[in-house]
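Visitor: The task is simple: from the sequences and hints, build the whole structure.
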Amino acid sequence: MSKIQPLADRVLVKPAAAEEKTVAGIIIPDSAKEKPLRGEVLAVGNGTKDEEMVLKAGDQVLYGKYAGTELELDGEKFLIMRQSDVLAKIQ
Numbered sequence: 001m002s003k004i005q006p007l008a009d010r011v012l013v014k015p016a017a018a019e020e021k022t023v024a025g026i027i028i029p030d031s032a033k034e035k036p037l038r039g040e041v042l043a044v045g046n047g048t049k050d051e052e053m054v055l056k057a058g059d060q061v062l063y064g065k066y067a068g069t070e071l072e073l074d075g076e077k078f079l080i081m082r083q084s085d086v087l088a089k090i091q
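Taken in order, the sequence shown gives residues 1 to 91; the numbers are from this note's numbering.
Derived from the structure by calculation, the hints contain no laboratory data.
A portion of the hints provided could be inaccurate.
[Stated by the list, open to error] Think about it this way: if two alpha-carbon atoms lie no more than 20 Å apart in a straight line, the pair counts; the simulated EDC-like pairs of lysine to aspartate or glutamate are:
hint, residue 1, residue 2
1, K14, D59
2, K14, E40
3, K14, E72
4, K14, E76
5, K56, E40
6, K89, D59
The model shown is predicted, which means the values in this text are computed figures rather than measured ones.
Guide: Pasting the structure below:
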């Protein structure tokens with residue numbers, strides 16, 4: 001992901017794919033699926049003088065439901081958010 005380089009304390013996250021669920025044989029459409037709240041960090045900024053970057057590319061993270069700004073590049077969806085919007089790193 002060399003096309004987007006986050007600045008300062010921001011991180012670029014690729015959300016995990018939404019899980020396919022069926023209820024009694026009914027397939028739930030994409031618009032009704034719940035957004036995933038986990039993803040993989042693809043790129044990080046350099047941090048700020050007040051906040052050191054603790055995340056790095058490749059980290060699996062959990063983030064808030066309304067965290068970040070959605071963007072689409074080459075048909076793929078990404079989120080760019082502040083490091084402080086990340087709730088936890090998955091070990």
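Visitor: Each hint should be assessed against the structure and marked as holding or not.
Guide: Hint by hint, here is what the structure shows:
{"no.": "1", "hint": "K14 x D59", "result": "11 Å, holds"}
{"no.": "2", "hint": "K14 x E40", "result": "5 Å, holds"}
{"no.": "3", "hint": "K14 x E72", "result": "10 Å, holds"}
{"no.": "4", "hint": "K14 x E76", "result": "9 Å, holds"}
{"no.": "5", "hint": "K56 x E40", "result": "10 Å, holds"}
{"no.": "6", "hint": "K89 x D59", "result": "7 Å, holds"}
Of the numbered hints given earlier, the model fails none.
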